[in-house]
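Student: For reference, the chains in residue letters:
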Amino acid sequence: MLIDEGNVLKFGEDYFIVFVNCSLRMKRIVIPECNEITDDELQMYPTLKNALITAEKKGSTTLKAPPEEWSKTLSFVREKGCIKFNGSKFEVHFMLS
Amino acid sequence: MKNIMNIEKLRSWETYVIFLIIGIISPPVSIFILPNFFRLEGMMQLYSALAFNLVLITLPFYFLTHSLTTVFKAIGIYLPLFFLLFLGFSSYTFSNPLLTFIVLPFFMVLLIILSRFKGSENVTIAGIVSLTILTSLLVFMAFLGYAAHQHYTAKYIHASKLELPKYYANLTDKIDEFASLKELNFSKDSINVEISLAEMAELEKIAEKYTKPGDAFFYAKIDGNYFKVWLIKLVGVEILIGNQMNQTNYVVVNKSIKCCPSLVKLMNDVKEFKREIEKDGAKKKLVRHSTKFP
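Chains R and A supply the protein sequences, listed in that same order.
For what it's worth, my numbering labels the leading residue of the first sequence as 1, then goes sequentially.
For what it's worth, my numbering labels the leading residue of the second sequence as 1001, then goes sequentially.
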């Protein structure tokens, strides 16, 4: 194995000594408390509703939204934060091209 | 007599349609075809559309009139209009929307109208040239408007279900085997800890089993808590100089070695640093460099 601590490598006319540093990074998965929203509340946000239904089945999804609805939904989600719908919890993000 | 025939040919509706079509096709050619061969961005696409337009219009001018003088007159009228458009758009000179979008188009429309009523050859040529430039400008702006609309409407909502991982490595019972990990407080949200090479090798075996293809992390469960875990390995090299070079036990690394391109790049970078330091006359004995290893 080339990449081992202390190995000496000859590369062209030069000699190199190898040193290795290993570390572990861990991030705890915390599922926050979410605000429950109803089907009726989602009537005004059809793309968000579709996104939640698809994410429920697939785990995650990204859908294109009309600009007006996108802005309206952004305000709604900012107000609600984490969303609970149909018994599942969701995180919603907004993207621009 | 020949001059009168030329004017009549140029003033026919068919001629105007030909130049209108040339004006229409130039922007798409510049936007979709020419960038495959040249680096064209932003307003350079409009300038190249107009340059392509200029090349195209010389052909019907020549074939309709068989007169090089007419072609040169057309070029002579085209270039100042082109230059004025360039001035209007160019941020290097004076970007003036009034010139680009009001004065110049108004002037060109005036030339087109005059060319229909005046019998002069020069005015007819100016009108035809204005028609093709104005058409190209409008078509280009239409593409620009469409792109802006596409950009404006490109808004997305991303939803992801929050759930605990279903596929994870349960390290609760194994954690005591790792000296660097057993004393850690796993109720913290974020943990960064240095581990030994042997521990890394053990964890890599676990990661291999629990990492999904394409991911750089795996999930682990420790004492009822779930974690996203990344293993980070930094590999560095130190160039040996002077007496340090009297090594007997070494591995020869071929320049074309395929296994470790990062290692080869690393060593090349260190060599380069060494050369730079030597050139600058710095008296440094060691040159070190490290990189994150996949």
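Possibly wrong hints are sitting among the right ones.
[What the hints assert, rightly or not] Cut-off 27 Å, straight-line C-alpha distance, at most; resulting in silico cross-link-like pairs (DSS-like, lysine-lysine):
# : chain 1 : residue 1 : chain 2 : residue 2
1 : R       : K10       : A       : K1279
2 : R       : K27       : A       : K1182
3 : A       : K1205     : A       : K1188
4 : R       : K58       : A       : K1209
Hints in this document: simulated from the structure, not taken from any laboratory.
This structure is a prediction, so every number in the text was calculated from the model and none was measured.
Student: Please name the hints from earlier in the document that this structure breaks, with their numbers sorted from lowest to highest.
Tutor: No numbers; nothing is violated.
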